[in-house]
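Put together the whole structure using the sequences plus the hints.
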Amino acid sequence: MKIAVASGKGGTGKTTVAVNLALSLKKCTLVDCDVEEPNCAIFLNTSMQKLEEVRLPVPVFDLDRCTYCGKCADFCMYNAIAVFPEKLLFFQDMCHSCGGCAILCPENAVTESTRKIGEIDHARIAELDIYQGKLEVGEPLAVPIIRRVKEYAKDHSVVIYDAPPGTACPVIDTLKDADIALLVTEPTPFGLHDLKLAVDVVRKMNIPLGVIINRDGVGNDCVDRYCEEEGIEIVMRIPNDRRIAEMYSNGIPFIFELQEYREIMLQSYWRIYQIAEAGP
Amino acid sequence: MMEVTVISGKGGTGKTTLAAAFASLAQNAVLADCDVDAADLHLILDPLVEERRDFLGLKLAIKDEDKCIDCGRCLDHCRFSAISEDFEIIRDSCEGCAVCQLVCPEDAISMVDRISGEAFISSTRFGPMVHASLMAGEEASGKLVAMVREMARKVAKNSEKDLVLIDGPPGIGCPVIAAISGVSMVLVVTEPTLSGMHDLERVLGVAEHFKIPSAVIVNKADINEDNTNKIRTYCSERDVPFLGRLPYHDSATESMIKGQTLIEHVDNPLAPIIKDMWNKMEEILSE
Ligand code: SF4
Ligand code: SF4
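Heads up: the protein sequence lines correspond to chains E and C, in order. The numbering of the first sequence is the working numbering, which starts it at 1 and goes up by one. The numbering of the second sequence is the working numbering, which starts it at 1001 and goes up by one.
Misleading hints may appear alongside valid ones.
Facing chain E, from chain C, some residues (calculated, C-beta under 10 Å) [unchecked claim]:
1) 1010
2) 1012
3) 1015
4) 1016
5) 1042
6) 1043
7) 1056
8) 1096
9) 1133
10) 1196
11) 1248
12) 1257
Bear in mind the hints are in silico, worked out from the structure with no lab data behind them. Being a predicted model, the structure only gives us computed values, none of them experimental. Positions of the beta carbon are idealized from the N, C-alpha and C atoms, including for glycine.
Listed below in structure tokens is the structure:
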């Protein structure tokens, strides 16, 4: 059972839900797929062990062989190469590692090496396994790290993915093999707007879904009305409780101090399980 | 002409609420919503679309079945798992690199344009606004951010505006890099939470990496005064101007529900603080 905790955008409490749900279940695997800003470990107050570096191929240009014909630059769809009469420039940040330039160079002047774009870390707390992918600062490509970190939990039985925000590729890659998507939102116009975008994506991917309302009570009932119209179940409500916000600010999972929520989390999990079983 | 980008390291810190408030303070600016994955600024600024353009993102490979001889070379060479076992192109995975076209012996593959979203030039009660929407699941949001910025710059030039105010995307990846490269300054909105501080560090790292001056604003500062003070100290250690702290206040949500900026929302205690931050920012920019 793979549960992806996602949201149309960040800051809705996605990580809070993922972490507290994982801690409530006790025996599961938490995968932090928000590789631009992995935050789960902060709440688990644990230091992580590096498992591996994620590396991507990059071209290396042998300028002794290069005739500056410019064919590689013409080919590169991402404008990562610029060729001038006696000069070749390579912009590593733009390169998508497709390898085309190495195949195509008529002088065999291009070979491939690799560069580090991030790393995978791991920690274990009692029966909880946590894997985190972390993108190197200044690197643009999150997807290869997400794919890699998910590999580690492939065969685990209960897995929670903390998805990145947004509706672009990194989220899609996180959602790909999920059995259910939990969309965390706030009951405000911004929250609703972002939720609709996320629902679109999840439905397009044919994944069962449920909504979690965070900071319930802060805004209006627009999210409730929308979910009712769309036939989407609200599987959990986390009230707008200042104690939760304060605990969050100190990196403390709220179920540690507000015991009653552990029960709520476990009940929600049962609903989540049923929705996933029922299929899209 | 100056460009200023409001970013936050992650979403939900009140970045867009602040950007909207700044938009209503800016006298002569073009607004650009570069949070193209989940654009929200329009919910407050209520833009009237005057011009729209297709956004062509990455290319897409398409295959001519009649020419294909099922040799499998495309599958061998594709690094994005975008060719299936039976040699079909998987649209969602294709990054448009054209390697399959390059290796195909039968010339069966061609690269076509792919409409991945749209961009708009609109008018709002605070002046022109450029915004965009990316189709769900489409990539190249960095490229769309670049397109929005380019359009905003043109609008600014044509209408003699002296500032482009950019609401940036969350994170530190490709779209953020596209939203801050070459701007005059970034304003980082953060929360006094451990994760907020962690994200702040990363996002300031990105700004530094690209040598862009930054300044910091703490939102919901009274949720955790200790952390707010730590952020302040951290900023002074790093020589990053600290523009101020905003307390947690319901008027932020109330104004959003009413479709108003915090400056327009009457009688709220946040407005004067935001004005003060704006003045400080203008001062830094004029130096
Ligand atoms: S294709 Fe090869 S020879 Fe031509 S410019 Fe590129 S590296 Fe040089
Ligand atoms: S590997 Fe692909 S993306 Fe990178 S430089 Fe070569 S052609 Fe461009």
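Which of the numbered hints are not met once you compare them with the structure shown?
7
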